[in-house]
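Here are the chains, one letter per residue:
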Amino acid sequence: MLYREAGQFKTSYAADQAIFPIPQDRYMLAGILAIAFGVVPFVLNDYWVNAILLPFLIYALAAIGLNILTGYCGQVSLGTGAFLAVGAYSSYKLMTGFPEMNMLVVFALAGLITAAVGLLFGLPSLRIKGFYLAVATLAAQFFIIWLFYKVPWFFNYNATGQITVPPRDLFGFRLTGPEAVPAVRYLVTLSIVAVLALAAKNMARGHVGRAWMAIRDMDIAAELIGIRPLRTKLLAFAVSSFYIGVAGAMMFAIYLGAAESGETFGIQQSFDVLFMIIIGGLGTVLGGFLGAAFLVLLPIGLEAVLVEGLGLSTNFAEHVKLILLGSLIIFFLIVEPHGLARLWQITKEKLRLWPFPH
Amino acid sequence: MNAEVTTAEAPAAAAAVADAPENDTAPAEERAAGHGAGAAPAPAPKETLLAVEDVSLAFGGVKALQNVSFDIAKGEIRAIIGPNGAGKTSMLNVINGFYHPQEGRIAFKGQLRRRMRPHFAAAQGIARTFQNVALFRGMTTLDNIMTGRALKMRRGILWQALHWGPARREELEHREFVEHVIDFLEIEHIRKTPVGRLPYGLQKRVELGRALAMEPDLLLLDEPMAGMNLEEKEDMSRFIIDVNEQFGTTIALIEHDMGVVMDLSDRVVVLDHGEKIADGTPEEVQADRRVIDAYLGVPND
Numbered sequence: 000m001l002y003r004e005a006g007q008f009k010t011s012y013a014a015d016q017a018i019f020p021i022p023q024d025r026y027m028l029a030g031i032l033a034i035a036f037g038v039v040p041f042v043l044n045d046y047w048v049n050a051i052l053l054p055f056l057i058y059a060l061a062a063i064g065l066n067i068l069t070g071y072c073g074q075v076s077l078g079t080g081a082f083l084a085v086g087a088y089s090s091y092k093l094m095t096g097f098p099e100m101n102m103l104v105v106f107a108l109a110g111l112i113t114a115a116v117g118l119l120f121g122l123p124s125l126r127i128k129g130f131y132l133a134v135a136t137l138a139a140q141f142f143i144i145w146l147f148y149k150v151p152w153f154f155n156y157n158a159t160g161q162i163t164v165p166p167r168d169l170f171g172f173r174l175t176g177p178e179a180v181p182a183v184r185y186l187v188t189l190s191i192v193a194v195l196a197l198a199a200k201n202m203a204r205g206h207v208g209r210a211w212m213a214i215r216d217m218d219i220a221a222e223l224i225g226i227r228p229l230r231t232k233l234l235a236f237a238v239s240s241f242y243i244g245v246a247g248a249m250m251f252a253i254y255l256g257a258a259e260s261g262e263t264f265g266i267q268q269s270f271d272v273l274f275m276i277i278i279g280g281l282g283t284v285l286g287g288f289l290g291a292a293f294l295v296l297l298p299i300g301l302e303a304v305l306v307e308g309l310g311l312s313t314n315f316a317e318h319v320k321l322i323l324l325g326s327l328i329i330f331f332l333i334v335e336p337h338g339l340a341r342l343w344q345i346t347k348e349k350l351r352l353w354p355f356p357h
Numbered sequence: 000m001n002a003e004v005t006t007a008e009a010p011a012a013a014a015a016v017a018d019a020p021e022n023d024t025a026p027a028e029e030r031a032a033g034h035g036a037g038a039a040p041a042p043a044p045k046e047t048l049l050a051v052e053d054v055s056l057a058f059g060g061v062k063a064l065q066n067v068s069f070d071i072a073k074g075e076i077r078a079i080i081g082p083n084g085a086g087k088t089s090m091l092n093v094i095n096g097f098y099h100p101q102e103g104r105i106a107f108k109g110q111l112r113r114r115m116r117p118h119f120a121a122a123q124g125i126a127r128t129f130q131n132v133a134l135f136r137g138m139t140t141l142d143n144i145m146t147g148r149a150l151k152m153r154r155g156i157l158w159q160a161l162h163w164g165p166a167r168r169e170e171l172e173h174r175e176f177v178e179h180v181i182d183f184l185e186i187e188h189i190r191k192t193p194v195g196r197l198p199y200g201l202q203k204r205v206e207l208g209r210a211l212a213m214e215p216d217l218l219l220l221d222e223p224m225a226g227m228n229l230e231e232k233e234d235m236s237r238f239i240i241d242v243n244e245q246f247g248t249t250i251a252l253i254e255h256d257m258g259v260v261m262d263l264s265d266r267v268v269v270l271d272h273g274e275k276i277a278d279g280t281p282e283e284v285q286a287d288r289r290v291i292d293a294y295l296g297v298p299n300d
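If you read the protein sequences in the order shown, they are chains L and X.
Note that numbering that gives the first Met the number 0 has the first sequence beginning at 0, numbered continuously upward.
Note that numbering that gives the first Met the number 0 has the second sequence beginning at 0, numbered continuously upward.
Only chain L is shown next, with the shape it has when bound in the complex (with noise of 0.2 Å):
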């Protein structure tokens, strides 16, 4: 009932392209965002923002960052741990290297560094589709763990192997370290990934996006109307490698504190946030968030039903909590292949008509 467009007339064409040419959606948003960045910085703890706030907006960003390349270009990537371990340690080096560095400008050094890392593994990409394509990404994801591991300067040479972040200040408050105050963190990151998404959902809807898109359904068709597919494949590697960087040296830096190559961003990271985007919605800015969502906060929600509500033992808990999220997955994968991203459309659509049903 609330839903309705009956009256809503666009009288210019940049109306009907903006993001969300529906009013109702517009305020939506709005009051998610004022919610997100008025109300949450009071009222959250250190249990909230370690175990659900950073996580679920770092791997929305990673989400998103894969999306870009194999949801809208279509090129599978396996290589996505690799890249956000690319962003941690391009991090740390330059947190080390240079102390004085503004954070933001250490968080976007890092992704120029992986996204200049991507171009140079999405260079077969030229030659090679879909499942091949996959395994060169896979090599990928093992080289640049192997290397970190192997190579000390990685790790400025310590002892352990790890990397561990070093306390840093942004704009006069403390963000990263033992001592880093909850409400800045979340605030940083949220206004990272608020304005990283924005931007990738421009891109998706200019023309950028729409060669991404024609390369994805069908390149030879593509190329006959003037895109170029390297440069537009290497674009989409880039720039998803960027945001997947990004994400990587906040998940670092914000959110882990501390990282080992093969432990923190393993095969098992790459597979993650391939569920994210195939579980969300293959194609869409939202499905990150809403694949991102799905992976970080059910598991949570399931253990506090299952403990608390439930009165399980903590490890038959973990257990059930497996076997439910895996049915959860293949149940929406049945029901939705395109994922919840389409789910929502689909909701939106017959709102519109409700309580009718044509």
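Below, simulated DMTMM-like cross-link-like pairs (lysine to aspartate or glutamate); rule was C-alpha separation at most 20 Å, straight line:
{"hint": "1", "chain 1": "X", "residue 1": "Lys191", "chain 2": "L", "residue 2": "Glu348"}
{"hint": "2", "chain 1": "L", "residue 1": "Lys92", "chain 2": "L", "residue 2": "Glu259"}
{"hint": "3", "chain 1": "L", "residue 1": "Lys347", "chain 2": "L", "residue 2": "Glu4"}
{"hint": "4", "chain 1": "L", "residue 1": "Lys9", "chain 2": "L", "residue 2": "Asp24"}
{"hint": "5", "chain 1": "L", "residue 1": "Lys349", "chain 2": "L", "residue 2": "Glu335"}
{"hint": "6", "chain 1": "L", "residue 1": "Lys200", "chain 2": "L", "residue 2": "Asp216"}
{"hint": "7", "chain 1": "L", "residue 1": "Lys200", "chain 2": "X", "residue 2": "Glu169"}
{"hint": "8", "chain 1": "L", "residue 1": "Lys320", "chain 2": "L", "residue 2": "Asp271"}
{"hint": "9", "chain 1": "X", "residue 1": "Lys73", "chain 2": "X", "residue 2": "Asp241"}
{"hint": "10", "chain 1": "X", "residue 1": "Lys191", "chain 2": "X", "residue 2": "Glu172"}
{"hint": "11", "chain 1": "L", "residue 1": "Lys9", "chain 2": "X", "residue 2": "Asp182"}
{"hint": "12", "chain 1": "X", "residue 1": "Lys108", "chain 2": "X", "residue 2": "Asp216"}
{"hint": "13", "chain 1": "X", "residue 1": "Lys191", "chain 2": "L", "residue 2": "Asp216"}
{"hint": "14", "chain 1": "X", "residue 1": "Lys232", "chain 2": "X", "residue 2": "Asp265"}
{"hint": "15", "chain 1": "X", "residue 1": "Lys191", "chain 2": "X", "residue 2": "Glu175"}
{"hint": "16", "chain 1": "X", "residue 1": "Lys73", "chain 2": "X", "residue 2": "Glu46"}
{"hint": "17", "chain 1": "X", "residue 1": "Lys191", "chain 2": "L", "residue 2": "Glu4"}
{"hint": "18", "chain 1": "L", "residue 1": "Lys200", "chain 2": "L", "residue 2": "Asp15"}
{"hint": "19", "chain 1": "X", "residue 1": "Lys191", "chain 2": "L", "residue 2": "Asp24"}
{"hint": "20", "chain 1": "L", "residue 1": "Lys149", "chain 2": "L", "residue 2": "Glu259"}
{"hint": "21", "chain 1": "L", "residue 1": "Lys9", "chain 2": "L", "residue 2": "Glu348"}
{"hint": "22", "chain 1": "L", "residue 1": "Lys9", "chain 2": "X", "residue 2": "Glu178"}
{"hint": "23", "chain 1": "L", "residue 1": "Lys320", "chain 2": "L", "residue 2": "Glu302"}
{"hint": "24", "chain 1": "L", "residue 1": "Lys9", "chain 2": "X", "residue 2": "Glu175"}
{"hint": "25", "chain 1": "L", "residue 1": "Lys9", "chain 2": "X", "residue 2": "Glu187"}
{"hint": "26", "chain 1": "X", "residue 1": "Lys151", "chain 2": "L", "residue 2": "Asp218"}
{"hint": "27", "chain 1": "X", "residue 1": "Lys191", "chain 2": "L", "residue 2": "Asp15"}
{"hint": "28", "chain 1": "X", "residue 1": "Lys73", "chain 2": "X", "residue 2": "Glu52"}
{"hint": "29", "chain 1": "X", "residue 1": "Lys73", "chain 2": "X", "residue 2": "Asp216"}
{"hint": "30", "chain 1": "L", "residue 1": "Lys347", "chain 2": "L", "residue 2": "Asp15"}
{"hint": "31", "chain 1": "L", "residue 1": "Lys149", "chain 2": "L", "residue 2": "Glu262"}
{"hint": "32", "chain 1": "L", "residue 1": "Lys9", "chain 2": "X", "residue 2": "Glu172"}
{"hint": "33", "chain 1": "X", "residue 1": "Lys73", "chain 2": "X", "residue 2": "Asp265"}
{"hint": "34", "chain 1": "X", "residue 1": "Lys191", "chain 2": "X", "residue 2": "Glu178"}
Computed Cβ-Cβ distance ranges for the label pairs, DEER-style:
{"hint": "35", "chain 1": "L", "residue 1": "Glu4", "chain 2": "X", "residue 2": "Leu161", "range": "25 to 35 Å"}
{"hint": "36", "chain 1": "X", "residue 1": "Gly164", "chain 2": "L", "residue 2": "Asp218", "range": "27 to 37 Å"}
{"hint": "37", "chain 1": "X", "residue 1": "Glu230", "chain 2": "L", "residue 2": "Val334", "range": "31 to 41 Å"}
{"hint": "38", "chain 1": "X", "residue 1": "Thr192", "chain 2": "L", "residue 2": "Ala303", "range": "42 to 52 Å"}
{"hint": "39", "chain 1": "L", "residue 1": "Trp152", "chain 2": "X", "residue 2": "Glu172", "range": "44 to 54 Å"}
Keep in mind that the hints were calculated from the coordinates and are not lab data.
Every residue, glycine too, gets a C-beta built ideally from N, C-alpha and C.
For chain L, the structure is supplied; the task is to place chain X on it using the hints.
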């Protein structure tokens, strides 16, 4: 007819396969190099837009095209006809830059052309539709036609990310042009529909729209009416004539419906087994003994 329609799924690669086997049997004594080349002036002789000279294309031992020469004059509708496996689609692929002929020269707008990639042909002003619809299935009609403007949109990735100021203005300018194309093709109602959901006839129309959005100098249509019913054929014919007359676009078309070909085109090239056997106005071609033997079977009504 159907054999070629169905086999050429992947336009470039499969067309070669479809054309190839039948050329095996090409009678060698029927070389018709230069037969009728440059002859048969169009009703109104104009400057040449595209000149194909002595082009030969072979896939291994299979000769898809042999010493084919013809020209396309500016502003005309030029039909390329021939039985299955005659090398028509191969010819378009050569013009397009998909295939590189072993011999011969192609001059576009008076410039001799080097070996090149298809996107370069697009940049020069050659647009194309496919025998089988080659739309971007995951995108809406509007987005599909907007991709036709890809070459004309220059703002880089950072502007795109901002989507503000010049990038936004550029987007809106091109949207306006694309809306003209949409109006012209009368597909306003499916603007926001994903093309995968559209019926075949409309998909063909959207594909034409995408080619038109490129504002091409030369428009190659590969069987624009294959698989259409009579009404859809009539619509499409009308659009082709309108494109030619309103925008002055030069059109080269492959079509199997002889009625359509004879009504639409100014001049017709006939290929058979990779060789040109006739070239001239529809009347001349229809009267040509070799054409009748090779293709039409009986004199056309």
